[in-house]
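Asks: Below, each chain spelled out in residue letters.
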Amino acid sequence: MDLLYELVTDYTLRTVALGAALLGMVGGSLGSYAVLRGRSLIGDAVAHAALPGIAGAFLLTGSMNPLVLMLGAATTGLAAALLVETTAHTTRVPYDSALALMLSAFFGLGLVLMTYLQRHAGASQAGLDAFLFGQAAALVTRDVYVMAALGGIALVMMLLLWKELKLLSFNPDFGHSLGLPMQLLNGLLTTLIVVAIVIGLQTVGVVLMSAVLIAPTVAARQWTNRLGRMVALAAGIGAATGVAGAVVSASMRNLPTGPTIVLCMGAVVAMSMLLAPERGLLWRMGGPRTAAPSSSNSSFSTSSPADS
Amino acid sequence: MSPQAEVQLVAAVTAVACALPGAFLVLRRLSMMSDAISHAILPGIVVGFMLTESLASPLLIAGAAATGVLTVVLVERIEGTGLVREDAAIGLVFPVLFSIGVVLLARYASDVHLDVDAVLLGELAFVPFDRLEWGGIDLGPRALWVMGTVLLLNAAFLTAFYKELKLSTFDAQLAATLGFIPGVLHYVLMSLVSVTAVSAFDAVGSILVVALMVAPPATAYLLTDRLDRMIVLSAGLGVGYALVGYAGAAALDASIAGSMATVAGLLFGVTLVAAPERGLVATWRRQHRHTARFSAQLLAAYLANPSTPPVPLSEASNRLHDRFGWLPSHTQALISDLRDQDLITVRSGHLACTEAGQQLADEAAQHAA
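First to last, the sequence lines map onto chains A and B.
As numbered in the numbering used here, residues 45 to 352 make up the first sequence, in order.
As numbered in the numbering used here, residues 40 to 408 make up the second sequence, in order.
Derived from the structure by calculation, the hints contain no laboratory data.
A couple of the hints might just be wrong.
Derived DEER-like restraints, expressed as beta-carbon distance ranges [unchecked claim]: (1) B:Leu-282 <-> A:Leu-319: 53 to 63 Å; (2) B:Ser-368 <-> A:Lys-207: 54 to 64 Å; (3) B:Phe-200 <-> A:Ala-193: 34 to 44 Å.
Which stretches of chain B does chain A cover? Using the computed rule of at least three CB atoms under 8 Å from a CB of chain A, they are [unchecked claim]: (4) 63-76; (5) 289-301.
According to the in silico footprint, chain B covers these stretches of chain A (three or more CB under 8 Å from chain B) [unchecked claim]: (6) 132-142; (7) 270-281.
By construction, the Cβ of each residue, glycine as well, lies at the ideal position given by its N, Cα and C atoms.
Just chain A, with the same shape it has in the complex (with noise of 0.2 Å):
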């Protein structure tokens, strides 16, 4: 009950919370798409290629406005994000080997530039470590309220463009065959996906941002077998274990707000993958055995009007 209490009271809990919530709801959203595209480490390359970007924004302007910050951290992850597509598509090097090559290689761009800005410029060790690991006690209510805004933008685009995303996700070349744009369509999910990890890095870093697309997604996915519910779910997910991580973090001591976030959304899928009716692993063990359930999109019910 004096969580409770402090998560109202208390400025950086009360923050902190925010934010993991608005970050979990934006990630878990956004991530179903990923998730449904296969493109679940598309999340882990971007994150990784927004360090340059945001060295390269502070070189640039000399500003440490989150903006500025930001939209350095997105273009450099949408170029890795599109360099990706660019290398599978067009050769024959595999989608995961051009996905490892982008992330690191700019990382270590990224890496050159922050070291660079540390020693010429008196850029302190704390910059990087904030990006690395996130920084989420370092939230003030500024930068709830970018993370609001941008990610808020992103969200309504994605239920403007509802059916649209929903072709691509389950069958782009139907779409291609109305004569949508669905290269452009996946440029701007892209994009979609690019704000949502932008806006998470200042809360759990780098390295764990895969983990808030894809987890919530994968744990909503369990539940059900519809898009609509899915993405409200995940959204639901990701706010919950992200304001759950926020306050045990706070209530012990040494224990650091991103990877509380993330152990908390793994117990989730855990959870998920177990117990799910039908799906779930203990309902399976337990119930005559029925055909397997499918990873795939094959037993989404897409034709739903409720979904659309």
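With chain A fixed as given, assemble chain B onto it according to the hints.
Replies: Quick look at chain B alone, frame taken from chain A:
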């Protein structure tokens, strides 16, 4: 040896040690598994460090490598439930393991000398300070011995099981039929990747290990079709990263490992664009050539067809747009090209095939039939 030379040597040895198993990671679609492993070894390193209180202990390397293999097993088990796809499973397992590592470090080992960013980023510049001594004799940087051993281990494994690895990579079923036990080979390979990642994190950090493992073979894959050449080329690229990366880092006074990864990315970018057969430019030109050839055949066949009404030169753009959907610019360029090549000609204001054009049309007809 000067400290600078030592750093470059360790960088080169590390790059080659990482590049050797890399070829199989790329070909077996396991590249992101190397990313997962290199992050997930953190809890292994932390627990090992808490037990041995030393970053140098072989026990620590063994423990951390075991965490790497655990990552592979966990990902495969989760994927095996049929509830989660492989890439999502990877993206779930390594952040959770990494988080456990960070939490363990923050709660129980915050007083010890082990930073997470040291694990993630490493620092090649410190390599000459950590030396191996035997009975008071300086044997050189410890990292050189560690990475040298790993390099020999990887090279020995590749040499001894080259045939088996090759077959199980390109045709796992045939390998199984021949009794090559591809499953065991897979886990040995992943153990080696884990050992390599753990040994290298000290010097280059766990994120850049991924660059050194994946970038060389991915680049080489664009340049050759042969596995043996791909591996040799990868090793050479690794040495190149080390030397050029070191020079760049020295010039900027920046992170050496970061500079190596940047060089790796740049070289891949150049190869991606300019590789002789598989590069973007070569692919684009090939496609362009095919399109041109196909258009020429189509037009020749169209003109050679006796049932085609005569095509006045002035009407060509409209007619061919109606017939084939070609843009006027395409039609005009094509006609001028084909006239230059003497495949079509203009007779009394109308397009017509020359003899060579007639042959081209016949060829096209044979292809179609």
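Asks: Okay, which hints does this one fail, numbers in order?
Replies: Per hint list: 2, 3 and 7 violated.
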